[in-house]
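Participant: Protein chains in written order, with the numbering used here: chain F, 1 to 283; chain G, 1 to 468; chain R, 1 to 299.
Worth flagging that the hints you see were computed from the coordinates, not collected in a lab.
Cβ atoms here follow ideal geometry from the backbone N, Cα and C, with glycine treated the same way.
Treat the hints loosely; a few may be bogus.
[Claimed, not checked] Derived coverage of chain R by chain F (criterion: at least 3 residues anywhere in the stretch with Cβ under 8 Å from a Cβ of chain F; other residues may be distant):
| hint | segment |
| --- | --- |
| 1 | 111 to 118 |
| 2 | 146 to 159 |
| 3 | 172 to 182 |
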Amino acid sequence: MSEHSLIKRTAHAAGSAAVNVFILLFSLFCLFPVYWMLASSVKNDSDFYMNLAGFPQTFRPSNYLAAVNVGRLDIAFVNSAIVSGIAVFLILLISFVMGIVFARYQFKGKGFLYIMFLSGMLIPVHALLIPIFIELRAFSMLNNRFALALVYTVFGLPKGIFLVTAYASTIPREIEEAVFIDGGNIHQLFFKIFMPMCSPVLGTLTILSFLDAWNEFPFSLILMGRPELKTLPIALTYFQGQYFVEYTMMMAGLSIATLPVVIVYFIFHKRIMQGMVAGSVKG
Amino acid sequence: MKKIIALIVAGLMIAATAACGQTSAPQAPEAPQETTGSGQAEASQEATGEAGEFDAFIDNFTEPVTLDVAMMWPLNSETDAKSFALNTALERLARDYPNITVNYDGSVHDDYQTIMMTRSAANSIPDVYNVKGSWLRNFIANNQIGTVDEFKALDPDWFNSMYDGCMFDMLVDGKHYGVPFQLITCTLVIYNTEIYSSVGYDEFPKTWDELIDCMTKLKDAGYVPIGVGNSGQWVANSTVFGSLGFYGGGIQWFNDIMNRTGNGFMDAGMLNGVDKMYELASLGFFNDNINSIDHNEVISPYLNEQYASYINGSWSLGTLIAVAGDDQSVVDKSGVATLPSFDGAIGPAPAASIGSGWGQAYSASLSPAEKYAAYLLIKYTTDEEWCQSLFEKGDFGAIVGNRDYSQSSPVVQKYVQAYQSWNAGPLYDCHFDPAVIDSMNMNFQDILANNITAEEWGRRVQAEYEIS
Amino acid sequence: MGKGSSAIRPKSAILFFYMLPGTFLFVALAIVPVAMAIFYSLFNWSGGPNMKFIGLGNYALLINDRIFLQALGNNLLLAVCCVIFQVGTAFVISALLCSKILKLQAFHRFSIFLPVILAPVVVAFLWRIIYNMDYGLLNYFLRSIGLESWIKPWLDDVSIVMASVTVPIVWQWIGLYVIIFTTAMKSIPEEIFESASLDGANGIKKAFYITYPMILDTLKISVILAVSGCMKIFEHVYILTSGGPGTASMVMAMYAYRTSFIGQRMGYGSTISVGILVISLSLVLFSNLLVEGRKKKYE
Numbered sequence: 001m002s003e004h005s006l007i008k009r010t011a012h013a014a015g016s017a018a019v020n021v022f023i024l025l026f027s028l029f030c031l032f033p034v035y036w037m038l039a040s041s042v043k044n045d046s047d048f049y050m051n052l053a054g055f056p057q058t059f060r061p062s063n064y065l066a067a068v069n070v071g072r073l074d075i076a077f078v079n080s081a082i083v084s085g086i087a088v089f090l091i092l093l094i095s096f097v098m099g100i101v102f103a104r105y106q107f108k109g110k111g112f113l114y115i116m117f118l119s120g121m122l123i124p125v126h127a128l129l130i131p132i133f134i135e136l137r138a139f140s141m142l143n144n145r146f147a148l149a150l151v152y153t154v155f156g157l158p159k160g161i162f163l164v165t166a167y168a169s170t171i172p173r174e175i176e177e178a179v180f181i182d183g184g185n186i187h188q189l190f191f192k193i194f195m196p197m198c199s200p201v202l203g204t205l206t207i208l209s210f211l212d213a214w215n216e217f218p219f220s221l222i223l224m225g226r227p228e229l230k231t232l233p234i235a236l237t238y239f240q241g242q243y244f245v246e247y248t249m250m251m252a253g254l255s256i257a258t259l260p261v262v263i264v265y266f267i268f269h270k271r272i273m274q275g276m277v278a279g280s281v282k283g
Numbered sequence: 001m002k003k004i005i006a007l008i009v010a011g012l013m014i015a016a017t018a019a020c021g022q023t024s025a026p027q028a029p030e031a032p033q034e035t036t037g038s039g040q041a042e043a044s045q046e047a048t049g050e051a052g053e054f055d056a057f058i059d060n061f062t063e064p065v066t067l068d069v070a071m072m073w074p075l076n077s078e079t080d081a082k083s084f085a086l087n088t089a090l091e092r093l094a095r096d097y098p099n100i101t102v103n104y105d106g107s108v109h110d111d112y113q114t115i116m117m118t119r120s121a122a123n124s125i126p127d128v129y130n131v132k133g134s135w136l137r138n139f140i141a142n143n144q145i146g147t148v149d150e151f152k153a154l155d156p157d158w159f160n161s162m163y164d165g166c167m168f169d170m171l172v173d174g175k176h177y178g179v180p181f182q183l184i185t186c187t188l189v190i191y192n193t194e195i196y197s198s199v200g201y202d203e204f205p206k207t208w209d210e211l212i213d214c215m216t217k218l219k220d221a222g223y224v225p226i227g228v229g230n231s232g233q234w235v236a237n238s239t240v241f242g243s244l245g246f247y248g249g250g251i252q253w254f255n256d257i258m259n260r261t262g263n264g265f266m267d268a269g270m271l272n273g274v275d276k277m278y279e280l281a282s283l284g285f286f287n288d289n290i291n292s293i294d295h296n297e298v299i300s301p302y303l304n305e306q307y308a309s310y311i312n313g314s315w316s317l318g319t320l321i322a323v324a325g326d327d328q329s330v331v332d333k334s335g336v337a338t339l340p341s342f343d344g345a346i347g348p349a350p351a352a353s354i355g356s357g358w359g360q361a362y363s364a365s366l367s368p369a370e371k372y373a374a375y376l377l378i379k380y381t382t383d384e385e386w387c388q389s390l391f392e393k394g395d396f397g398a399i400v401g402n403r404d405y406s407q408s409s410p411v412v413q414k415y416v417q418a419y420q421s422w423n424a425g426p427l428y429d430c431h432f433d434p435a436v437i438d439s440m441n442m443n444f445q446d447i448l449a450n451n452i453t454a455e456e457w458g459r460r461v462q463a464e465y466e467i468s
Numbered sequence: 001m002g003k004g005s006s007a008i009r010p011k012s013a014i015l016f017f018y019m020l021p022g023t024f025l026f027v028a029l030a031i032v033p034v035a036m037a038i039f040y041s042l043f044n045w046s047g048g049p050n051m052k053f054i055g056l057g058n059y060a061l062l063i064n065d066r067i068f069l070q071a072l073g074n075n076l077l078l079a080v081c082c083v084i085f086q087v088g089t090a091f092v093i094s095a096l097l098c099s100k101i102l103k104l105q106a107f108h109r110f111s112i113f114l115p116v117i118l119a120p121v122v123v124a125f126l127w128r129i130i131y132n133m134d135y136g137l138l139n140y141f142l143r144s145i146g147l148e149s150w151i152k153p154w155l156d157d158v159s160i161v162m163a164s165v166t167v168p169i170v171w172q173w174i175g176l177y178v179i180i181f182t183t184a185m186k187s188i189p190e191e192i193f194e195s196a197s198l199d200g201a202n203g204i205k206k207a208f209y210i211t212y213p214m215i216l217d218t219l220k221i222s223v224i225l226a227v228s229g230c231m232k233i234f235e236h237v238y239i240l241t242s243g244g245p246g247t248a249s250m251v252m253a254m255y256a257y258r259t260s261f262i263g264q265r266m267g268y269g270s271t272i273s274v275g276i277l278v279i280s281l282s283l284v285l286f287s288n289l290l291v292e293g294r295k296k297k298y299e
């Protein structure tokens, strides 16, 4: 082995070590605040103040019990799951169908329609609180989980259509021809052929739209005027308002809001990542 | 072209509104003659004759009524005094009047603001709700709120027992539009007597020069002299400017703003008060993170004796005691004071902002039976029993009454003694236009960061005041 | 987007049927409300039935509004930071995640995506405590590595508050773009890299000459997502500073919210929102053109 290549390999190894350390630090930077939140949430006050960043020396799950009782988080949890579930289903279905049409067919007014949906991503939601409240009241759809899910659907659509359109336009043209030569119809083309091909982008979209719906605050606040219909983010404010001054309690409240998604993510993250990567079509 | 259509549509809308005979533009407010209250006795007399509409209900109220109620207290809080009192009141109401069904929607303060602004904009106001003093004019102009003076004849003892300064916050053009459910003092200094003694002040400084001297010594001794948590932005206005602005401008300035006379926010006397706030900040007497911590977050460092004192409203006393928990040593040696006056001040001293800020109100579009039910709910959430429930949890209703303070924390006893001897000033942020208040608040943060001078503060708020 | 019409074109009726439900919903719950907001913006309105028509008076106010212009500046600054640090960092990390140099890949993917799943409100509260002067993680960390002089009230200093607000926003979403990029990069045929390696291209060269052009479309999407997210950012600012101290960290959505819901000037608040929409739309179309133009250069 020549001296030259030895130097090159050493440099390479040093470089890759540096890269590894850098990314590791970055990963920890992403992880640590979340760890800090979870660790602080079970500490008592003196443990928190004396041992700020350390592993909890005390264990006080009562922080969590208080959070559940005060916020009636059990009810809110169910409401959030129902509303988010409906919204995610509708967003996936509608964005998929519309995204394919946008990506693969020409029709009159397509450019205008596409820009219209795209601009939906840019609407500042607080401008629409009053109009949507007035509109839904006119149709007697206030205090209605399904109506809230429809609102979430509408505000999830732009991102969904945008992502699916971009993805579907990379699918080769020949696919359609092959399907029609085999005697398939358009519905089969969409749901039997395109849908599996779009699975990576639909996977990403599932996560993103679920997170948006699960975490949404202002519409839920004004459209759900009954205690039995409140969603999780609203229920949490009861807790936050009361324990603002006690950081450990705050952390417990924040953790409760986060834990369900963290757990789901923890269980499914491998599948999500694999799905995204394996499902992606080559070239 | 589209614009033209929009203009036409808009024009039609205007015509339609005008045709409905809506009165807009609220009348100029009646100036209070004294520091607070008074002049209310005559105000509510005219309403007494209207009690007739309730005659049918007084002895026999069994008609089923459903009330849509929105307030800023969650029902199942474990520590909030208002939640506790509300639960008690609703239980009482259900027992006495099983025909009334209450659909209650509770939220927390900031969110309640969003909900009510939306519902007011959409003209979909709840039947009974918490109203803030500064919302009244707009709600009245839109016919969304009824006057509570109509309830006076139904129970004069209850109605007349409210503290004057609290009723004043619900008064617009000679009529009351809400019944106050609390009595708050916004400008309290809670101080650690032991630390103050250690720098030679056995009681809170009585003059501005003494205050500066005392604060300097506290700072040199390594303490944060005064903690304030102004991340909510209303805090500096409510709890600091409430006293300083009142010393500087007196009641005259307040009346000028309400009547739109005088120099508005360029008033030299009032600006003296703003300048004093600037001075305290520039000398480094406040905590460095004054604009980024919440008004409750000053409590922990105060209890840890890092802060020698803090400024907050009387609502913080309950939190202070609760957070201290088993170790009440710092709470027990706390004193209660108000900021001293300064040279050139025209308002009376010592003074603090005392009032209610908020009250219980009802929608103007209720049927007689609903209105009677609303009266009952409003009464049950403001009366002597309500005040007693609040008192049990360390909070105060608007009826002063005779309470047994023997079980109260010493700091509460000191507070009660102190505020009754002070001159009461108005709660500015419950009377001025909301947009003007927001501009004041926003620019107070700049004053506390020593970004702008008092004069620049005045210019900016004046600009907003002239638009509104 | 699709180039040219398909050889086998389904009936228009079927396409119409596919497009209808989504379009109907979107028009009913987004376009109509926006039209209502535009309508309100022509009025002096504090809520309720009382409305005073003032034509374009609110718009005249808006273009001279010191606070709005400052907020716009902050939004633009934020958008630039997000494009550079969020999308940029994500690109670098994704390139590394797709190479063989990096160890612990599964762990990195897990932790970098973790902030994305948190609610913006949770992130903001968490960082509010991290920034706390006395009990915050940041100052604790600085103290423990001997940088006591760096300790600051991070959200109180007017000159750095925008940076303090930007960090959590950038931090939260890097993982999203990492996922989007790695998905796109894995779809680049392996053979291209192999032949490049034979030609002696190193990692950086490969990233720049192969990966970058191949995922340009994805990059475009990411830039648009990042910019549109920044233009309407709200929760983080609301909880961290409410736009303060003063107006130092004011952003447009925050200002619109305060004007409508705290200042009770719903008419002017709607005007601000319409302003946000118009500005962001032009910005996105502009950045779209920009990326499109660069793409031409590579093709």
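Participant: Please go over all the hints and tell whether each is borne out by the structure.
Facilitator: Right, here's what the structure says about each hint:
no.	hint	in the structure
1	111 to 118	holds (count 8)
2	146 to 159	violated (count 0)
3	172 to 182	holds (count 6)
Going through the hint list in order, the structure does not satisfy hint 2, though it satisfies all others.
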